[in-house]
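Listed below, chain by chain, are the residues.
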Amino acid sequence: MLQNPVIEVNGLTKRYGDFSAVDGIDFTVGSGEFFGFVGPNGAGKTTTISMLCTLAKPTAGTATIAGFDVAAQSDQVRRQIGVVFQEATLDNRLTARENLAFHAAVYHVPRAERDARLADVLDLVELTRFADDIVDNFSGGMRRRLEVARGLLHSPKVLFLDEPTLGLDPQTRNRIWEYLRRLADRDDMTVFMTTHYMDEAENCDRVAVIDRGALVAVDTPAALKRQTGETTLDGVFLKLTGQAIRDEDVLTNKHMSRIAAKAKGGR
Amino acid sequence: MDLDAIYMIWRRDLVVNWRDKGQLIGSLVRSILWLVVLGLGLRAAFRSVGGVTFSQYIFAGIIGMTLLFAGVQSAISIVWEREFGFLRELLVAPIPRGAITTAKMLSGATWALLQGVIVLALAPIVGVSLTPLIVAEAIGVMAIMAIMMTSIGIVIASRIKSFQGFGVIVNVVLMPMFFLSTAIFPMPWLPEWLRTIMMFNPLTYAVDALRTVTIGLYDFPFWFDLGLTVGLAILFGVLARVLFVKEI
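For the record, the sequence lines run as chains A and B.
Numbering follows the numbering used here, with no gaps: position 89 of the first sequence is 89.
Numbering follows the numbering used here, with no gaps: position 59 of the second sequence is 59.
These are calculated hints, taken from the structure and not from any lab test.
Don't be surprised by glycine CBs; every beta carbon is placed ideally from N, CA and C.
Careful, some of the hints might be misleading.
Said to hold, decoys possible - Just some of the chain A residues that point at chain B, by a computed CB distance under 7 Å:
hint	residue
1	ASP75
2	ARG78
3	ARG79
4	PHE102
5	VAL106
6	TYR107
7	VAL109
Said to hold, decoys possible - Residues of chain B clear of chain A, computed beta-carbon distances all greater than 12 Å:
hint	residue
8	ASN17
9	LEU28
10	ALA93
11	TRP223
Said to hold, decoys possible - Here chain B is said to cover these stretches of chain A; the calculated rule only asks that three of the stretch's residues, wherever they fall, bring their Cβ under 8 Å from a Cβ of chain B:
hint	region
12	32–45
13	52–63
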């Protein structure tokens with residue numbers, strides 16, 4: 001068992017009508033841990049992250065972040081976490097600095113510390129030079145780095161990233177990993193990320209594999225390889241989740257979000 | 001209430017609106033076109049209404065239209081933000097949903113009021129003379145109208161699911177609201193059935209109040225207009241808050 005659990009998930013479930021997007025999963029993530037969450041398209045990764053970030057209400061089960069319940073104490077949970085979403089959520093008409101200043105204010109970063117924090121995160125993601133440029137002029141990689149910086153601005157205990165490196169070049173991916181590693185080591189921050197890149201999962205302390213809403217494995221990359229007798233995580237992944245392409249699940253996912261939009265369940 | 005967060009969201013919205021010059025210009029051009037072209041163009045064709053020219057008559061109505069369109073449009077931008085992510089960032093922030101709603105209502109109303117004031121400044125062009133007292137009274141009435149229009153916008157926005165819906169809203173809600181009020185057609189000219197419809201339109205009383213303070217012409221007593229407008233602003237404001245908090 002882990003010494004200092006920061007995320008504790010017990011029987012977490014999310015149903016949309018008859019469809020279980022996430023079906024009774026359990027896991028624990030320790031303080032300062034790098035936790036990778038992998039699975040085929042439509043496996044339940046984003047739904048899980050949405051519940052942990054208080055954006056969707058669990059149908060059943062519980063999850064706590066730093067001891068606070070995601071459903072009952074969502075405000076306290078939100079103070080503990082930073083979120084980098086799969087889709088861009090920057091304000092394109094504001095400058096990088098304005099985006100961060102806005103975030104600092106709504107996260108109640110004390111006024112006296114704001115300037116220093118802004119300078120700190122801008123420096124970390126190497127955007128100091130572009131601080132006063134409108135985000136609309138930024139490249140995809142710069143935007144992603146700015147979003148990571150924003151997620152870190154209020155010094156969260158846990159940083160959630162939903163496929164943060166999707167569509168980025170290897171240089172930017174490497175850099176983002178470096179930033180996160182540095183922060184995790186320095187501030188004992190926990191990183192919870194979903195990814196499709198097995199080389200990234202390889203860099204995680206532990207990896208959870210989710211498929212069809214259920215967890216099929218949670219362990220260190222080395223242990224997973226040992227257990228499955230595979231030499232690469234790609235091999236592990238295919239062995240655990242099968243070779244079939246999950247087109248139908250992607251469709252289900254779309255269908256599901258449509259049902260969700262209609263029912264507005266969740267929040 | 002989280003005043004710091006409300007202020008930041010309010011300020012952010014205004015900065016963003018201000019940088020989107022195209023929308024502002026488009027909205028002002030529409031108001032000016034209506035006011036100047038319609039007012040002057042049809043001047044000769046219409047008899048004078050209660051001793052004022054047609055341009056003077058529609059002045060309050062065009063300000064009402066400006067507030068209506070601007071208020072509803074900024075409310076609908078919330079839908080846009082919900083689809084394209086920015087609102088998501090706010091939704092995981094440790095601020096109450098109520099604070100987000102309040103901030104959105106205030107920023108929408110401020111932005112609408114600002115546009116209304118610009119149109120008010122055109123008064124000399126259409127021969128409406130302003131005194132500091134008239135300006136102060138007009139801005140007071142316009143502020144209440146702006147809150148009402150934005151709230152109506154949020155009520156609509158919480159019901160529609162995509163930004164494409166805005167064009168439909170313009171044609172199905174805004175245009176009828178504008179035409180079926182006393183904004184451009186004096187009530188005594190109209191057949192009974194049209195007058196009846198106008199009586200159920202919130203814009204009728206708001207515009208009547210504004211017309212009373214700007215040119216002294218009215219269909220209903222000022223205090224009746226004002227009381228009804230304040231009441232409707234509060235009613236729609238509460239409804240907007242309830243619906244929006246539930247929606248996000």
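Go through the numbered hints given earlier and state which of them the structure violates, listing their numbers in rising order. 7, 8, 10 and 12
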